[in-house]
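A.B. asks: The primary structure of each chain is shown beneath.
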Amino acid sequence: MEIAVISGKGGTGKSSISAAFATLNTEVILADCDVDAANLYLLFNPSSEEEEIYTAGHKAVIDYSKCTSCQICSDYCRFDAISVQNDKVIISELSCDGCFLCSRVCPENAIEMVPNNKSRMYSGSFRNGKMVYGRLAPGEENSGKLVNMVRSRAKSVSEETGIEIIILDGPPGIGCPVISTITGVDKVVIVTEPTISGLHDMQRALEIVKKFAIIPSVIINKADLNTSMTDQIKKWCEESGVKVNGELPFDAKVVEAMISGESIIEHDPDLAISKGILKIWNKVFYQDNFQ
Amino acid sequence: MNQPVSDMIKIAVASGKGGTGKTFISTNIFYTLLRYNYSTILVDCDAEAPNAVAFFETKETSKNEVTQHVPVINTEICTFCGKCHEYCNYNAIFILPPMKIINVIEDLCHDCGACSVACKVGAITEKPVSLGQVTTYSLKGVPSIIEARINVGVMSPVPVIKAAIKQIDNQSDIAILDSPPGTSCPFVQTAAASDYVVLVTEPTPFGLSDLKQSVETLRTIKKPFGVIINRAGLGNDRVFEYLTREKIPLLLEIPFNKEIAVLYSNGKLISESNEIFSQQLFSVYKNITDNHGNSSNQRQRGNR
Chain A
0 MEIAVISGKG GTGKSSISAA FATLNTEVIL ADCDVDAANL YLLFNPSSEE
50 EEIYTAGHKA VIDYSKCTSC QICSDYCRFD AISVQNDKVI ISELSCDGCF
100 LCSRVCPENA IEMVPNNKSR MYSGSFRNGK MVYGRLAPGE ENSGKLVNMV
150 RSRAKSVSEE TGIEIIILDG PPGIGCPVIS TITGVDKVVI VTEPTISGLH
200 DMQRALEIVK KFAIIPSVII NKADLNTSMT DQIKKWCEES GVKVNGELPF
250 DAKVVEAMIS GESIIEHDPD LAISKGILKI WNKVFYQDNF Q
Chain B
0 MNQPVSDMIK IAVASGKGGT GKTFISTNIF YTLLRYNYST ILVDCDAEAP
50 NAVAFFETKE TSKNEVTQHV PVINTEICTF CGKCHEYCNY NAIFILPPMK
100 IINVIEDLCH DCGACSVACK VGAITEKPVS LGQVTTYSLK GVPSIIEARI
150 NVGVMSPVPV IKAAIKQIDN QSDIAILDSP PGTSCPFVQT AAASDYVVLV
200 TEPTPFGLSD LKQSVETLRT IKKPFGVIIN RAGLGNDRVF EYLTREKIPL
250 LLEIPFNKEI AVLYSNGKLI SESNEIFSQQ LFSVYKNITD NHGNSSNQRQ
300 RGNR
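As given, the protein sequences belong to chains A and B, one line each in that order. Mind the numbering: the first sequence is residues 0 to 290 in numbering that gives the first Met the number 0, read in order. Mind the numbering: the second sequence is residues 0 to 303 in numbering that gives the first Met the number 0, read in order.
Watch out, some of these pointers could steer you wrong.
[Claimed, not checked] Interface residues of chain B toward chain A, partial, derived using beta-carbon atoms under 7 angstroms:
| no. | residue |
| --- | --- |
| 1 | G17 |
| 2 | E47 |
| 3 | H109 |
| 4 | P204 |
| 5 | P223 |
[What the hints assert, rightly or not] Derived list of chain A stretches under chain B, where covered just means 3 residues or more per stretch with a C-beta under 8 angstroms from a C-beta of chain B:
| no. | segment |
| --- | --- |
| 6 | 100-111 |
| 7 | 184-198 |
The hints are simulated quantities; they were obtained by calculation from the structure and are not laboratory data. Ideal placement from N, C-alpha and C gives every residue a C-beta, glycine not left out.
Chain B on its own, in the form it takes in the complex (with noise of 0.2 angstroms):
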């Protein structure tokens, strides 16, 4: 029987800052939930610098191109009459009524079809341009990873990231969606679309400060979230302090460790090697699960 669309979770692994670990947690916790056979497909949102992938043996299963419309301006009907360059919020049609030049900065175009409304005298039609692909991955036969990845060049991941998440259409029970960093535009995409996120810092003032910015951005949403803080004993408390004052759940300290860091250099996934680690991140999860239910949360929820 196919499950109901509520019954999907999607949990979210994010921090402000780059670098703190986001990817090991989230290609961990996929592979974790994976040995405990629960129903798990991880989608790689940094389309920015998508690197999941990496740690895996998967098949390529599907590509599918992500496009935008661009104008096309034809010179022998426009009469130069300039609207379409007033509707452009985006500065991306370039016109010089005198000399008869006409121009769309395709790079500066974010497909929002105001020129094409605009225009009174249908001299403009629109065509796909290429702004990345999401790609869907196999472990042992089944489809599992999702990724997004913009053409370099291309100026915004929004578009691609959103392609991807609608791509997940409840094919398994759970998501992690690995996000991309910071706490603009991408990083709201992802968590907006998710039920629940894992912010992952480090106990040093950069990470807290970048910490602080994400929670102002997910409490205006009003996500529930959780905090992982990776290289603990490598700072100062400050950040430990945070969470208390804030009472945010610290769902797991993880600590540095010079060999993790060796083995994930080297592309391994922690969890295939330490049963501990696994367990850990197997509790992580167990535990928003049990406190958070899904986006429906209508589900009786067990242990309470």
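The shape of chain A in the complex, shown without the other chains (with noise of 0.2 angstroms):
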């Protein structure tokens, strides 16, 4: 059973609580698929078993040797990457979309496609189950292939290990890397919280989940920072047939035990924040969320 936990807006404590999750008791599969900004290896520090290159597209690169400067290249450009320079054809690395269009047009030959390779997926063990996350390289196109990927090895590490529970901690926003995250999931947890932007951002990630056969639920995390908000969440949510499953108070023992590198179930799980995040496993877990 894959479990995804998203938000639309950064910042509301998707990754907390997905570590929180996936230490509660059974064992489980933890995938990472903020692949733009991995972040909970940092908690769990877990072994590498398996590495893997993720080729992130290619970019065209000019041999100058052979580049007789007829720019027949730049015209197909659509991506405005390809300028002239002093009679120079020059590429620019970070417009280039990869579409080897120019390498294909160039009479001369003169352009090679070079894969972006420096991505990474790796796989391993924590001390709850098995772990999954995926490195995206700094500035790499997110199309959320490597979110696939970290995907597909989950699963496969699941039937491996006969470990049947899946984490899946998501991606902020709405575009690819989340709908490659949320794309057939079983359930889908939308963290929220108590302002004007995760009230936005939470209706936005709603409309994307709509487009999937998925109940999704919602938590509005750091609830008591704003009571009248947290309201207006919930009115919002009753009002449009959205399940709230629960709400967590903010508590600065969550970055405390971010630091000591442990979730906050493992920190203390007499908190009430802690007690929070298992009724709402429980609800999350045992509820029907098919349409």
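Combine both chains into one complex, guided by the hints.
C.D. replies: Here's what the structure looks like:
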């Protein structure tokens, strides 16, 4: 069973809550799908048993010994990546989308497509099961393909080990990597916070979840920081038929736990927030979330 | 007289980790600069989750649809040769020649035009599809905020972000760009279009780890940057040690304060009621311009 934790807005507590879910009782497979800013390995220090190269597209590179500056490539490029300065054709690495078209139209065969292969996927063990995580090299295109790779590895680890629960810690936003994180999962939990931005971004996240046959549920984190905004979120959810699975209080101990390399559950299971997380997990886990 | 192109300064406010306070900082710097009568525009580049407009009383002045082209294949002309499928590097063309089936998967198309070049029989035309909108809002009658917003379900925010940045077009002296989170393509596009990047972080292990990745990226693309530490006092000193070690300028430290958090959560601007905070943000701006100038960097710099 795959359970995805997403939020729309960043910093609402996705990773902290995923980490708590991953350390409750039963062994789990924890998959960090926030490949752009993977963090969970900092808490769990997993062993690295397998490493795989992820090729994040290609970049066009000119061989100047062949280039005649005919500029045909720049006529065809739709990404404004090719410019001509003092009769020299220059490809901007930042703008190049890796579509290969310039290399195909070049009459001199002067353009080579070089793979971006600095990104990695790792899998290993942590203290409560197995862990899979991706690390996208800085500046590379986050296309969601690395997320797919992380998820398919997590699934095969699940088959090999018999560990059934896979927790997916999702990226922020609503773009491709988020879509890759929630496509075909069993449950989606949306973590929000009582701020204007938290409400807006939760609504955007719900819109994207609606495109799939999954009924999401919402957690309002740091709910006591603004109780009237929390009420507003609850009211909106009720009116829109979205289930709120619980509220969690703001607790500076979450940061303390992070610093000591623990989930909040490991740090202190008796805190109100820890008990709240356990309650929410039981609701999420035993609820029938399918439409 | 029109300002020369190079006189505008673009400052991106960014962070690897989400929720560190990018929008909090960019909306308040923007508001502060307006109060000091600087001609300033705010560009919300977080096209997946744009929020900046919610902090102001605005009026929509224009809305431009951002589109991309996707191929349309005329199956009566198509010979099912497979060349377009071969040219498409994004797997957006699905073809089964024996069954005479060919489909375009529009969500995967990047609008590179390779399939149109590949097709030798003229079976491919292109049609526009919407990716999102770039909307301009005015504050007290002056166009002041540009918002990039992708449609729900669109894969990449980059084309809409680029369109929003293009729309800045020197209509003010200063542009504050509220960047999307992360360290990948959308962030790089925003940072690359700016003269200076303010990285906002929080003093926690997650914040530090993501900050390091952002720094690595900015160093690769050679952008000057400095750091604002938000919610100081919550975590530990590691991030301060890191900044010292790496000789990265610390632009400002904002202590964790529940009152600030509550005001912000209600959509209020702290710089509206808190003069000290407003002055601090203004000093951040002065510090950036005094030490870095703008993209041309040719002007006489003050106080040096």
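A.B. asks: Decide, hint by hint, whether the structure agrees.
C.D. replies: Verification of the supplied hints:
1. For G17 (chain B), the interface hint holds, the least distance from its beta-carbon to any beta-carbon of chain A being 1 angstroms, beneath 7 angstroms.
2. This hint holds: E47 (chain B) has a C-beta 4 angstroms from the nearest C-beta of chain A, less than the 7 angstroms allowed.
3. Taking 7 angstroms as the C-beta contact cut-off toward chain A, the hint placing H109 (chain B) at the interface holds, the least distance being around 6 angstroms.
4. A cut of 7 angstroms between beta carbons decides the hint on P204 (chain B): the least distance to chain A is about 5 angstroms, and the hint holds.
5. Of the supplied interface hints, the one on P223 (chain B) is violated, with its beta-carbon coming no nearer than about 16 angstroms to a beta-carbon of chain A, more than 7 angstroms.
6. With 3 residues bearing a CB less than 8 angstroms from a CB of chain B, the segment 100-111 of chain A meets the requirement of three and the coverage assertion stands.
7. With 6 residues bearing a CB less than 8 angstroms from a CB of chain B, the segment 184-198 of chain A meets the requirement of three and the coverage assertion stands.
Checked against the numbered hints given earlier, the structure breaks only hint 5 and satisfies all the rest.
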